[in-house]
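Going line by line, the protein sequences match chains F and U. Add 13 to the 1-based position in the first sequence for the numbering used here, that's all there is to it. Add 13 to the 1-based position in the second sequence for the numbering used here, that's all there is to it.
If you are wondering where the hints come from, they were derived from the structure by calculation, not from laboratory data. Any given hint might turn out to be false.
Since the list gives no way to pick one copy over another, a pair counts as held whenever it fits inside one copy or between any two copies.
Below, computed lysine to aspartate or glutamate pairings styled on EDC-like, alpha-carbon distance capped at 16 Å [said to hold, decoys possible]:
| no. | residue 1 | residue 2 |
| --- | --- | --- |
| 1 | K151 | D134 |
| 2 | K151 | D18 |
| 3 | K137 | D47 |
| 4 | K236 | E272 |
| 5 | K236 | E264 |
| 6 | K84 | D194 |
| 7 | K178 | E160 |
| 8 | K26 | D183 |
| 9 | K118 | E88 |
| 10 | K26 | D189 |
| 11 | K216 | E179 |
| 12 | K118 | E179 |
| 13 | K178 | D226 |
| 14 | K288 | D266 |
| 15 | K151 | E179 |
| 16 | K236 | E263 |
| 17 | K288 | D260 |
There are 2 protein chains.
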Amino acid sequence: MLTIDPHQIPTAKLHSYLLGAVTPRPICFASTVDIEGNVNLSPFSFFNVFSAKPPIMVFSPARRVRDNTTKHTLENVQQVAEVVVNIVSYDMVQQMSLASAEYDKGVNEFVKAGFTEVPSDLVKPPRVKESPVQFECKVNEVIALGEEGGAGHLVICEVVRLHIKEDILDATGVIDPALIDTVARMGGNWYTRSRSGIFEVPKPVRTLGVGIDALPEVIRSSKIFSGNDLGMLANVQSLPAGSEKIDQLEEEDQLKAREALKMGDVPTAWSILTKNIN
Amino acid sequence: MLTIDPHQIPTAKLHSYLLGAVTPRPICFASTVDIEGNVNLSPFSFFNVFSAKPPIMVFSPARRVRDNTTKHTLENVQQVAEVVVNIVSYDMVQQMSLASAEYDKGVNEFVKAGFTEVPSDLVKPPRVKESPVQFECKVNEVIALGEEGGAGHLVICEVVRLHIKEDILDATGVIDPALIDTVARMGGNWYTRSRSGIFEVPKPVRTLGVGIDALPEVIRSSKIFSGNDLGMLANVQSLPAGSEKIDQLEEEDQLKAREALKMGDVPTAWSILTKNIN
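From just these sequences and the hints, can you work out the full model?
This is how it looks when you write it as structure tokens:
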């Protein structure tokens, strides 16, 4: 047995143990706005439901271990005390991972990650149309847990409205665990899909994906690629040379590229899509 | 899309939606003591880590939706502000489910569920020896979220010591998501195993299992039955007639009973084990 005094190890190491042990962690895909109405969308796995009456959820945007900076989501809920908690299903995971990158203040991750904004009924931040369950919430309180890098903030949210896609309900009207098909965070780059288990989403922390909005129109509007396929293609630091010239694609090549993406092989997918260009 | 005002539906229905949507929820298997030192062990899925520096976890013992009573764990942390958060691996799940039943005040669920107490270094509640990671915590604060049935309590815990089984670490000393093999809660009776997906643990809420301490010694000490097998055999309202007379068992019958348990068929397992009695 490894016995550890948390004060005697670096924060990054302690962080790794905490994130490796407390698993799987559900994901809050939080939509917020700043005082000027700029939208932010970012995922958090320090999250859960804690009460049914009143219906309370808590998530924590933590100060970065790396440089003690805070996240735009935290700044936003301190300006406008509202949030939409969107639940993340497997078919959203690659786009969600794209939205987790640290884009500059003012960048709308709905656009970068290719999600669709839907107006909320009672709060300012929009909902994520693709999400199977969306909780409109008022933020009752934000409790800072510390001042140093790694310090979390308890954002205590009260649900004021729920939106549930009917196709995740079973015949009795109860949410079916297989149909909602949630994903959750494990340690490192690992996720788990509730209905089938562990998978990896590689994501170099300091790299920003170009975003779905930067993909050539013919790829973005393809009927062959799923949201996860597009999310993977958009999660590159820069588009391959010549990709801006792609204006048509054979169906066969799209199918081959999709196969490569299924294997997690983004470079091969891109080389198939750009083969007629250079 | 089903759009719901949380104030317009019964709490039990809202509870079901919240638990069906916010998934998978990690499990805090909380060990606490009352002022007299009586030990309690109970699982909570309103739980997560929220901060690395300071290392903060939060779990919520909620007032029961059914009758607005509180849980012994809550009473204990209000008397002795300490808890051990034990992480639950797949091979512990049936015994853990047994410990989730509402045994009377003063009943030690370590005994009922067949877990082993290990003294903690810095806090009074014991650790669960079988758990792959054990967090000794001081309780900084308890925040009541409401007064009615369904109201949660944020039990804000600071980790003061970690214990990690070395066999869940990979070659670089990081917790391996497959080796820790955690389970988590979905809605209803559903769980998910991080590495392989959804499974069910049927548990009538108001039934108390007889407990592992009530099983015949020859079954309890069998080398053939796992902890999960014993947990299933002990999760019956009463032992089958004549079971107290079981003093020896053929290996072949134990293997057959184990096969039945693998299929979730507890009645058949018991009828194999008692076939020579009546």
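Tested hints:
For the homomeric pair K151 and D134, the shortest alpha-carbon distance inside one copy (12 Å) is at most 16 Å, but the shortest distance between copies (41 Å) is not. In the homo-oligomer, the alpha carbons of K151 and D18 lie at most 16 Å apart only across protomers (13 Å), although the nearest pairing inside one protomer, at 38 Å, exceeds that limit. Taking the closest pair of Cα atoms, K137 and D47 come within 16 Å of each other only inside a single copy of the chain (10 Å); across copies the shortest separation is 46 Å, beyond that limit. With identical chains, the CA atoms of K236 and E272 are at most 16 Å apart within one copy only, with a shortest distance of 15 Å there and 47 Å across copies.
In the homo-oligomer, the alpha carbons of K236 and E264 lie at most 16 Å apart inside one protomer (10 Å), although the nearest pairing across protomers, at 59 Å, exceeds that limit. For the identical chains of this complex, K84 and D194 are neighbours neither inside a copy (28 Å) nor across copies (31 Å), given an alpha-carbon limit of 16 Å. For the identical chains of this complex, K178 and E160 are neighbours neither inside a copy (40 Å) nor across copies (31 Å), given an alpha-carbon limit of 16 Å. Taking the shortest Cα distances, K26 and D183 sit within 16 Å of each other only across copies (14 Å), while inside one copy they are farther apart (43 Å).
Within a single copy, K118 and E88 get their C-alpha atoms as close as 10 Å, which meets the 16 Å cut-off; across copies the closest is 45 Å, which misses it. Proximity of K26 and D189 under a CA criterion of 16 Å is satisfied inter-copy only: 14 Å between copies versus 37 Å inside one chain copy. Taking the shortest alpha-carbon separations for K216 and E179, neither the intra-copy value of 33 Å nor the inter-copy value of 27 Å comes in at or below 16 Å. Proximity of K118 to E179 under the C-alpha cut-off of 16 Å is found in neither arrangement, the shortest distances being 35 Å within a copy and 42 Å between copies.
Taking identical chains as interchangeable, the C-alpha atoms of K178 and D226 are never at most 16 Å apart, the minima being 26 Å within one chain and 45 Å between chains. Only within a single protomer do K288 and D266 lie at most 16 Å apart by alpha-carbon distance; the minimum there is 9 Å, versus 64 Å between protomers. In this assembly of identical chains, the alpha carbons of K151 and E179 never lie at most 16 Å apart, being 24 Å within a copy and 43 Å across copies at closest. For the homomeric pair K236 and E263, the shortest alpha-carbon distance inside one copy (12 Å) is at most 16 Å, but the shortest distance between copies (62 Å) is not.
For a Cα distance limit of 16 Å, the shortest separation of K288 from D260 inside one copy, 13 Å, qualifies, whereas the shortest one across copies, 74 Å, does not.
Violation of the numbered hints given earlier is confined to hints 6, 7, 11, 12, 13 and 15; the remaining hints are satisfied by the structure.
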